[in-house]
Amino acid sequence: MSNPLEILIIDDEVQIRKLLEITLDSNGYKTFFAVNAKEGLSLAANHQPDLIILDLGLPDEDGQLVLKRLREWYKKPIIILTVKNTEEEIVKALDNGANDYLTKPFRTQELLARIRTALRNTNESTIEPIIEFGDISIDFTSRIVKQKDEILKLTTTEYNLLSILVKNEGRVLTHQYLLKEVWGNSYSDQTQYLRVFVAQLRKKIEADSNHPKFIITESGVGYRFNTG
Amino acid sequence: MKSILRQIKIKNQYLISLCSVSIVSVLCLFTREYLDYKIAAYILLVVVSLLAMFLDILPVLLSAFLSALILNFLFIKPYYTFHISNAEDTLLFVLFFVIAFLNGVLTHKIRKTEKMLQTKQIRSTTMKLYNALLDSLSHELRTPISAIMGAIDTIQSQNVTISEENKLQLYSEIEKASLRLNHQVENLLNMSRLESGVVEPKMDWCDINELFYNVLDNLKEDLKFHKVKVSTDENLPLFKLDYGLMEQIIYNLVFNASQYTPKGAKIELSAVYNPDVDFDYNSDKLESCVITVSDDGLGFPEEEIDQVFDKFYRLHNSKTGGTGLGLSIVKGFVEAQNGKVTLENKEEGGSVFKLSFPALVMNPKEISNE
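Line order of the protein sequences matches chains A and B.
As numbered in the numbering used here, residues 1 to 228 make up the first sequence, in order.
As numbered in the numbering used here, residues 1001 to 1370 make up the second sequence, in order.
Read the hints as simulated data drawn from the structure, not as lab findings.
Hints are not guaranteed to be accurate.
Pairwise CB distance ranges (calculated) [stated by the list, open to error]:
(1) Tyr1171/B / Lys104/A: 18 to 26 Å
(2) Asn1274/B / Gln109/A: 37 to 45 Å
(3) Arg69/A / Glu1304/B: 51 to 59 Å
As a list, the in silico EDC-like pairs of lysine to aspartate or glutamate whose alpha-carbon atoms are at most 16 Å apart [said to hold, decoys possible]:
(4) Lys84/A / Glu13/A
(5) Lys1202/B / Glu13/A
(6) Lys1202/B / Glu87/A
(7) Lys1202/B / Glu88/A
(8) Lys1202/B / Asp1233/B
(9) Lys1240/B / Glu1287/B
Among chain A residues calculated to face chain B with C-beta under 7 Å, some are [stated by the list, open to error]:
(10) Pro105
(11) Thr191
(12) Gln192
(13) Asn210
(14) Ile216
(15) Thr217
By construction, the Cβ of each residue, glycine as well, lies at the ideal position given by its N, Cα and C atoms.
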């Protein structure tokens, strides 16, 4: 049996630490804890955990700063926990290199799902040439998207948007990031493009575009692709 | 009128006092040949009394002093000197000065007491509001907390055996109570954001259709027993609004409808682009985006419709629950985006909330072909 994956939790609230300890331990992860930024940074350096859960509201330092310092050398997933649910704070954390975020109060099932996704994404160093979800399959080498074996006609922009979402499955991609990647740097604040093309794409790939299962809206932050 | 004058700067108040006394004196000067100078004295007294109603004490005293001098100089013989020839006129002059002075001081005092009463009244309404807040808050927060504590006590008690089914029921009660608690905290935070004036809308292009379904998804549990209909125009353009604020607005309105309409009631969301051509183009007046949230429930009592957006206001016949914050947050967030919100009862029953925003518009067709 392989060693259990190690998760470092940096949070000053004893109740949250207890909750996470029980939840993660009973799901087969090994947990260890830091109660402030200083301790967190040194534990991360000494233990090299597989994933870090970081609370943004730490007593000794701004969580965003801790995130930046960690990202100077730590390449594995970091999931942010925060009570500050403002869009700016979240976008900033994602820009600073967080893989995902959850706002308190959060559901533990949701957290476990996010942890699994984040860990899976780092383990897959190469992307499969063909990805399937629902009744759709994408062949990245031939750039062909099929629905139930029939070719789905996508415009170049639609294809580029879909492929970047799919390749980052489970991860929140900010508006700015998507606009830069798909349309180019000068489009980074032209959210109207994103709105229109996401709506178009949903009409083509979702069973019910009003209740999307694949392209999920993260209010005011961006979009996340779920394989349903 | 009064309040406008009271805001006038003190420097301008002196000017007003000087000008009015001078103008009235000049007008009186024309009548000097036909009328007794005592009439001029009375007219000047009236001017001082009028000024006392609006101006501060010092400008009023200035007008009293000035009019006394003018009376002496222009109207009491011999003219154009400050010398008074007979005892009667001296007495009149002294009396005039005393009356004008007293007039000014007394009016000032009356106004001061009036102001004090007003602040007292404001303080007592604030106290009432504060008490209403405490009442509804302690109820709204303590009820779910009691549910959580009670359920946990029962689950933990060692001398009774609880059936598995009941245990699940208790867990679900704990869950519901926490969600309710979270909803109330959310409302309180939003209210304090509004109160402290830190709500700065970040306008961005919004797909209203997506917004509606997003909110409805979040309210799935509360809408289990309702018929929900979304009617948006097929070619609805994008509107430049604050997505986060819009989410809260629609959430609160739909949540309210779900709580206060009977099971099976219909809740309808609609959005239309209102391309009202305004030839004197004024972007502030053009309300391009009109959203309605309506239901076929009982409607609101007509006499209370004006108050439902007030903070902490709760309908008289309302069932328990609710802090009276939801709709005032709606109003605050709508107005933060320069919009308007109105509430009306429908003739066929039920109520309709209408939101209109002067939002910038973009037609998706303009960019979808690229």
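Right, here's what the structure says about each hint:
Remark: the range hint 18 to 26 Å for Tyr1171/B to Lys104/A is upheld by a beta-carbon distance near 20 Å. Between Asn1274/B and Gln109/A the beta carbon distance is about 43 Å. The supplied range of 37 to 45 Å therefore holds. Checking the proposed 51 to 59 Å range against Arg69/A and Glu1304/B shows it holds: the Cβ atoms sit about 56 Å from each other. Between Lys84/A and Glu13/A, the direct Cα distance comes to roughly 15 Å. Compliance with the 16 Å bound is thereby established for this hinted pair.
At most 16 Å may separate the alpha-carbon atoms for a hinted pair to count; Lys1202/B and Glu13/A exceed this at roughly 32 Å. For the hint linking Lys1202/B to Glu87/A, the alpha-carbon distance of about 10 Å falls within 16 Å, and the restraint holds. Simply put, Lys1202/B and Glu88/A have alpha-carbon atoms about 10 Å apart, close enough for the 16 Å limit, and the pair holds. Between Lys1202/B and Asp1233/B the alpha-carbon distance is near 25 Å, which puts this suggested pair outside the 16 Å criterion.
For the suggested pair Lys1240/B and Glu1287/B, the alpha carbons sit about 12 Å apart, so the restraint of at most 16 Å is met. Interface hint status for Pro105/A: upheld, as the beta-carbon distance to the closest one in chain B is roughly 6 Å, under 7 Å. Taking 7 Å as the C-beta cut-off, the interface hint given for Thr191/A holds, the closest approach to chain B being about 5 Å. The beta carbon of Gln192/A is positioned within 7 Å of a beta carbon in chain B (closest approach about 4 Å), and the interface hint is therefore held.
Annotation: Asn210/A was flagged as interfacial toward chain B, and the flag holds, the nearest CB pair being 5 Å apart, inside 7 Å. Hint status for Ile216/A relative to chain B: violated, with the closest Cβ pair at about 9 Å, above 7 Å. Because the closest C-beta pair between Thr217/A and chain B is about 6 Å apart, less than 7 Å, the hint holds.
When each numbered hint is compared with the structure, violations occur for hints 5, 8 and 14.
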